[in-house]
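Asker: Keeping their order, the protein sequence lines are chains A and B. Residues 1 to 221 (our numbering) are what the first sequence spells out, left to right. Residues 1001 to 1624 (our numbering) are what the second sequence spells out, left to right.
Hints are not guaranteed to be accurate.
Label-pair distances were calculated between CB atoms; the ranges are [to be verified]: (1) A/Met106 to B/Gln1019: 28 to 38 Å; (2) A/Pro130 to B/Lys1020: 37 to 47 Å; (3) B/Asp1084 to A/Glu123: 25 to 35 Å.
Just so you know, these hints were derived from the structure itself, not from any lab. Every residue gets a Cβ at the ideal spot worked out from N, C-alpha and C, and that includes glycine.
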Amino acid sequence: MRMLATFEKRERLRHIGHLDILRAMQRALRRSGLPAAYSQGFNPHILLTFASALSVGASGECEIMEVTLTEEVTPEAFLAAMNKALPPELPLTGARVLEDRHPAAMALVKAARYRIVPLEHMEQLAAALPGYLSQEEIQAERKTKSGVKPCDIRPLIYELEAREDGLHCLLALTETESCKPNMLMETLCAYAGVPVPRLRLIRVGLLGQDAQGQLVPLETL
Amino acid sequence: MSTLNQWNEQIEAMLERVQKAPRYTGGEMNSVVKPWESVALHYGFCFPDTYEVGMSHLGMKILYGLVNQEPDQVCERFFMPWTDMKALMEAEGVPLFSLESRMPLYAFDMIGFTLQYEMSYTNILAMLRLGKVTVRACERGRDEPVVVAGGPCAFNPEPLADFIDAFMIGDGEEVTLEVTAAVRDWKPTGEPRETLLKKLAGIRGVYVPSLYDVAYAEDGTVASIRPNAPEAPERVARCVVTDLNTAYYPRSFPVPYTEVVFDRIMLEIMRGCTRGCRFCQAGMIYRPVRERSLETLRSLARDLERATGYEEMSLSSLSSGDYSCLPELIRTLMRDLNKEHVGISLPSLRIDSVLKESLEETQKMRKTSLTFAPEAGTQRLRDVINKGVTEQDLMEKVTDAFMGGWSSVKLYFMIGLPTETYEDLDGIADLAQKVVRCYFAVPKDKRAKGLRVTVSASSFVPKPVTPFQWEGQDTQESLKAKQAYLREKLRAVKGVNFNYHTPELSYLEACFSRGDRRLGRVLEAAVDRGCILDGWSDLFNFETWMEAFRDAGLDPDWYAYRRCGQDELLPWEVVDSGIDRRFLWREYERAQQARTTRDCRQGCNGCGLNRWKGVCALADAGHV
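Just chain A, same shape as in the assembly (with noise of 0.2 Å):
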């Protein structure tokens, strides 16, 4: 059977990269006794895969994954025997059984909502928002193995607001479109007119489409 579950990425381990956190759920698997499932093969591995990586840097509210059991476990279950199995700081927040027709979550994976929180010159950054929007284009740097492209991100942006607990924001996130978080930062802070900040990342959630093709929390669907 297979079984979604939310997670929280909390602060104190933004800077523990994707790998590791996968590498740490697998262990926290093995270490709940759970009927994880494994791949074939010469090494295998518990089947295990997130809807998406968090780089290095972000803390994720609401991160998604999937894992395959050997056994029907109800979710009130998993997610006693997983937080039992869990550092605080890597908790898991809720789980679903999913279809055996479900699409796999990695493919369902439509935009990301963030919240960044500058440490410096939110101000200004703030009072930029109007404007940098307005803008019919925005052109961006986007790094991939290549070498570094540009591409237009206006289109990918599809919220933008100032709070007070910093910039949120609602960005595309597929395969072929996304705008990272850092593309959105570089090309604001050249309008402000000030230098990139330091600061803090969070993932809020994930969102796919649903039948109505509204963007909707990709663990809802």
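Add chain B to chain A, keeping to what the hints say.
Answerer: What follows is chain B alone, placed relative to chain A:
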């Protein structure tokens, strides 16, 4: 978050700017956080190297669990920050902080360093400074932390005598809690530091260097080391845990997020070694050999697997192949752990252990490279160092390994051993060549592809409490010439990689390994000049070290190269390791004659341990 300290925001900001921030973040599974005010004794365990190295260390895991088991005590971890982090901390005045609660080093009641390696000594001084703890023991205030140290290098505590309040010598499982209890009880009394130190000196295994006066003879050698207080014993006998089955061993330990050097469960199956290799300090100071029972190991393995979730376990000891029922142990563990997908690896595999069966068992799980340590290239030299291994042994085991599907083999040698000649170096090249031939002698369809033979040559460092403790080190010039010679010889052998250590580093190891108290001045000068993390070759600067020796007015050649006299008092002889110096001298003489000494499982060789009744079953059985 209530336990996080006042520097928390600054630390968080620094973490954005350093390489490898996970070295400093803590929060690992099974790390222990207790409310600061809830305990009476705060113990800061300090590993004087980086997180990746320290978290691979078994002793730390044992002591961490041991102290944290006590409800009124807490043990938190400290590591040496890398240069980028250290510079930021210094610039902003942020003191060295613990991984768990981020409390500063100076706030702990007691701090303990583990001494694994001479070249980490400057890190100890640097960590004390960074933790705002007075570096010299004699200048520390009443309420500053009590600074202790233990581990193998504590068998010559003298180079660190100026900085450490008390050394704990030998097995730490019992003495640590005696010392933490003494510190806890003394703390609220208001009595002076000296009162505590004298009390500590009365505990077996504890050496308090300030309670001893050292006098030097005109030629620079030690004339005497005498207690200056009645509480201090003439000689400090090391601690020995007699039964590992009843000794503390953790059933859980912190699991790092990032990969560390040894990222797996370490199951210590035995302590000590009966072989008696003459260069090997561990083989002397961990005597006698003590095994954990199959049942104990089985229970520990299961609990550790459950508590850590690790996918690999290594059986660790000085000579795992000598464990009396190794095949049965491996079979049992594999049966228990197989369905949990845990691989078992055997480090420090000795080539004369009859292990064919075990090899086949481990191979089912994982096929990493196999390590063999012939140590010397000719039978004559192996006899000198009492490495009871023959060429035939090596060839049989290597062939077994190749037949079993391994294609990667590491061969460890030492150069600069006493009595070594160029014939012995030729022997190293010959052995490597023969190993390559063994591989090609295995039919093509039966061997794995991609032969890799790694020949590693370290430079011999004379160590205290070994038969070679009197011996001087080979000169740097000579070692360099030998390395160049071997490099040239091995270049001709297909499939062989040659590794060697920089002789300058081995030279400094030799200085500190057999050094005396005066070297404290060198360590201070070296740290002043910025020598830290010298075990990392990119940070090691030999010339700066030589300047530090000049600052201190001491001659490193004298320390590294000098051959000591038979009757000379050696700086570390204030420690009684249990091994009789007459035994060591006898072994030293036999070495000169290339005469071997039997494994002491075959009969007692009279190392002196029988003076301590009930410690060595082999000696007590009267095999002499």
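Asker: Now, for every hint given, state plainly whether the structure supports it.
Answerer: How the hints compare with the structure:
In this structure, A/Met106 and B/Gln1019 meet the distance hint of 28 to 38 Å, their C-beta atoms being roughly 30 Å apart. Range check, A/Pro130 to B/Lys1020: Cβ separation about 40 Å, and the 37 to 47 Å hint holds. In this structure the hint that B/Asp1084 and A/Glu123 lie 25 to 35 Å apart at CB holds, the actual value being about 31 Å.
Comparing the model with each earlier hint shows no violations; every hint is respected.
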